[in-house]
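Number of protein chains: 2
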Amino acid sequence: MNKAREFDESVVGELKALLGERVSTSAAVREHHGKDESYFPYALPDAVVFPESTEEVRDVVNICRRHGVPMIPFGVGTSLEGHILAVQGGVSIDLSRMNQVLAVHEADLDAVVQAGVTRKQLNEHIKHTGLFFPVDPGADATIGGMAATRASGTNAVRYGTMRENVLALKVVLANGRVIQTSGRAKKSAAGYDLTRLFVGSEGTLGIITEATVRLYPVQEAMSAAVCAFDSVDGCTKTVIQTIQSGIPIARCDIVCDKTVAAINRFKKTDYRVAPTVFFEFHGSKSSVVEQAEAVQAIAKEHGGHDFQWATKPEERSQLWQARHDAYFACLQIRPGSRAVSTDVCVPISRLAECVHETMEDVKSYIAPVPLLGHIGDGNFHLMFLVDPAKPEETELAKAFNKRLVERALRLEGTCTGEHGVGMGKTGSLQLELGDDAIDVMRDIKKALDPENLLNPGKVLPPA
Amino acid sequence: MNKAREFDESVVGELKALLGERVSTSAAVREHHGKDESYFPYALPDAVVFPESTEEVRDVVNICRRHGVPMIPFGVGTSLEGHILAVQGGVSIDLSRMNQVLAVHEADLDAVVQAGVTRKQLNEHIKHTGLFFPVDPGADATIGGMAATRASGTNAVRYGTMRENVLALKVVLANGRVIQTSGRAKKSAAGYDLTRLFVGSEGTLGIITEATVRLYPVQEAMSAAVCAFDSVDGCTKTVIQTIQSGIPIARCDIVCDKTVAAINRFKKTDYRVAPTVFFEFHGSKSSVVEQAEAVQAIAKEHGGHDFQWATKPEERSQLWQARHDAYFACLQIRPGSRAVSTDVCVPISRLAECVHETMEDVKSYIAPVPLLGHIGDGNFHLMFLVDPAKPEETELAKAFNKRLVERALRLEGTCTGEHGVGMGKTGSLQLELGDDAIDVMRDIKKALDPENLLNPGKVLPPA
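Chains as they are written, first to last, in the working numbering: chain A, 1407 to 1869; chain B, 1407 to 1869.
By construction, these hints were calculated from the structure, which means they are not laboratory data. Check the hints yourself; a few may be wrong.
Identical chains blur together in the list; that is why a pair holds if it fits in one copy or across any two.
Here are the simulated lysine-lysine pairs, DSS-like style, with alpha carbons at most 27 Å apart [stated by the list, open to error]:
#	residue 1	residue 2
1	K1526	K1804
2	K1808	K1674
3	K1691	K1706
4	K1533	K1643
5	K1796	K1769
6	K1852	K1769
7	K1804	K1664
8	K1852	K1718
9	K1804	K1673
10	K1664	K1796
11	K1441	K1808
12	K1674	K1804
13	K1706	K1643
14	K1796	K1691
15	K1441	K1769
Bound-form chain A, shown alone (with noise of 0.2 Å):
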């Protein structure tokens, strides 16, 4: 199924007809354009295009179409499951130079950008409006990425992910026609929500040119604290009853032992070594204080030690970005190596039973296991490190990694609650949903891209 196919060579010339210089097949771009973060081996395009506007990749897509050439569309390439991966050859459209945020609208609390724009671009865009977009994969993704992955990140706990933060998106179909999802309105009961099937799509559906996404207002107060804790069991014992006990709390995530070494070991911090858990409160000043204290009153009875504050916004940023950049500081754990990252998600009910069961089948793991995650959401990840030059190794994590999502669909979850789908989880989606639902998903595949064109490999188990 995902033998390249192959290439007509006249689509380069079509191409570069279109775009001039903004088409590429020299090894060094395809290269970049068919790796990602994740274990997968590197499967290059034919070759990659730049276009920097909707009605470019219109043009694009219908001269690929025309030549039944496969279409991958790129970001930045942070994926962790093979997404854009060009296993069966084709072209890359890398939309990075679509990076112009079209407008913000303070009043509305909603910006409109172009699919390139990353969310750093967009947060230090709008920073003198007082709004912020909340959702924060690890990386410096594209908004367009971000929606394509249904990507969440530390902050969804409270704002919640790409579902609940993309109002409407322009896309190009496979046939070449260019829809808008949706209008501005905060709510809308108008038809089939084409807005929240394209997001977590994996550009499979369409490619996604534009996006209409919620910004908050900065919130008057906002603290951060580091807790460490005498156990993994105590860390989400306490995030369990602060969900529970409805402290809107804006981020709380988990790190293990030797993700706090690895951390400090990349970023020359010195947080004490145990389980900890990262949290951050926004409110007014008055709730901000309720809800730490309340915090700090249920860590104190699961074995938490002191609060260490970072009030100042500069402190706060970089405890997240330490938090950010642990997937990377992990990596470091053994040098040269790639990970298998797993990305269950439960409800909070059954996460401590999910974890303590996990950690204690990863002992037997060939190397350290880190672990990190949102738990607030129940969501926690952990990283299998592999030699990329033994296939047995992935083949050994790849196994722990199964055990761990058929623990996580026992217990009412999900196989991934934020890296997606992509090449690495379509049987685990099987086993999750059912072949009735996956046929479900194969119809509207099937409706939207007869031919398969559409980054094809991805998402849908093969049939």
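Please arrange chain B on chain A, whose structure you already have, making use of the hints.
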């Protein structure tokens, strides 16, 4: 297109073999299932069935499909856009006997219910847990019907609509297969968002038989207030400034002087007859005080009079029941009338302009036009009261609504914030999203219901 199809009478025999007495062809039962709260002429189904399980719904679907008979899911029949009218005849599938709350997961803040459970029934059921389900259209609708129409209500400004509050659905497809769209994890990136696809599909893609919905902790402090204003503009400006300030208001609804007068007559209340905003504040004690003080200050700037407070639970619930009954109260302004109800929703920055222009326009209508709505979301309703015996009045009201929809779309809004498309807004939907987006919806409909048996004549405009 909407002529009743030939009805194969042998279907009734097969349905009776399956459900016994729970099949009716009596005129009274058919009439009850062939009308809703809208202005549309009655359109009776040929038969009505009362299944008690997902398996029975599946068996009904299989019988109907074999005979090419349309199927119309029915909750309690409170639609305002003709959603449940059997415009092509067929079988009305009344889900009201599927009224079991299957599970309440207090720790996870969710509940699993059968489709026929109503919102008030659910809230009564979970009262002792300290949790509540926030979505509250005026009527005591079923959760299944609310999911199918992407309902919202007065709490949406803080807690979201059914789009945000449905975690998962069990759905019987046109082909007789039964799918579960998701697990109970709070977030998931597992494949296409089937949950959100069925939310708002109005029974045209599948029949919802179970829903997993989000619950919220009842806040420590809650208080509601009514504030009269000198003008409708004063109301809208107050609400706009409240929202733009980031005050996490739980509810803020507008009613005009005509609506207040109608409520006073219908509910024997004595609210001051003036443009009025109903507010509600949720949070910790100190946060509720902070919010209320901030909003009072804003209201004063815009011609708001003193707040009348309702802090006791029974006072609050009386206040909001009065608001919920406004639709029925306003019908009494012209006894015997039915209402062409408008439902536009616009970005908050365009709300004042949209409401102001609209109030000027409707002055020339033949009867008083009461205004009510969820203006914190930019969503408001006008009720054009029409004499059902005079079709020219309905046509006149629709002409006013058409102008309103065009105005809302010019202001980047939507034709329907919460009532849905049904039969009444298929043309508006096309105007709003354009032919290419409608074609995507048609493609999806065709993929999931190739014989057009599920609630035909709804959502999609005639081809």
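_When the structure is checked against the list of hints, which entries are broken? Sort them ascending._
1, 2, 6, 8, 9, 12, 14, 15
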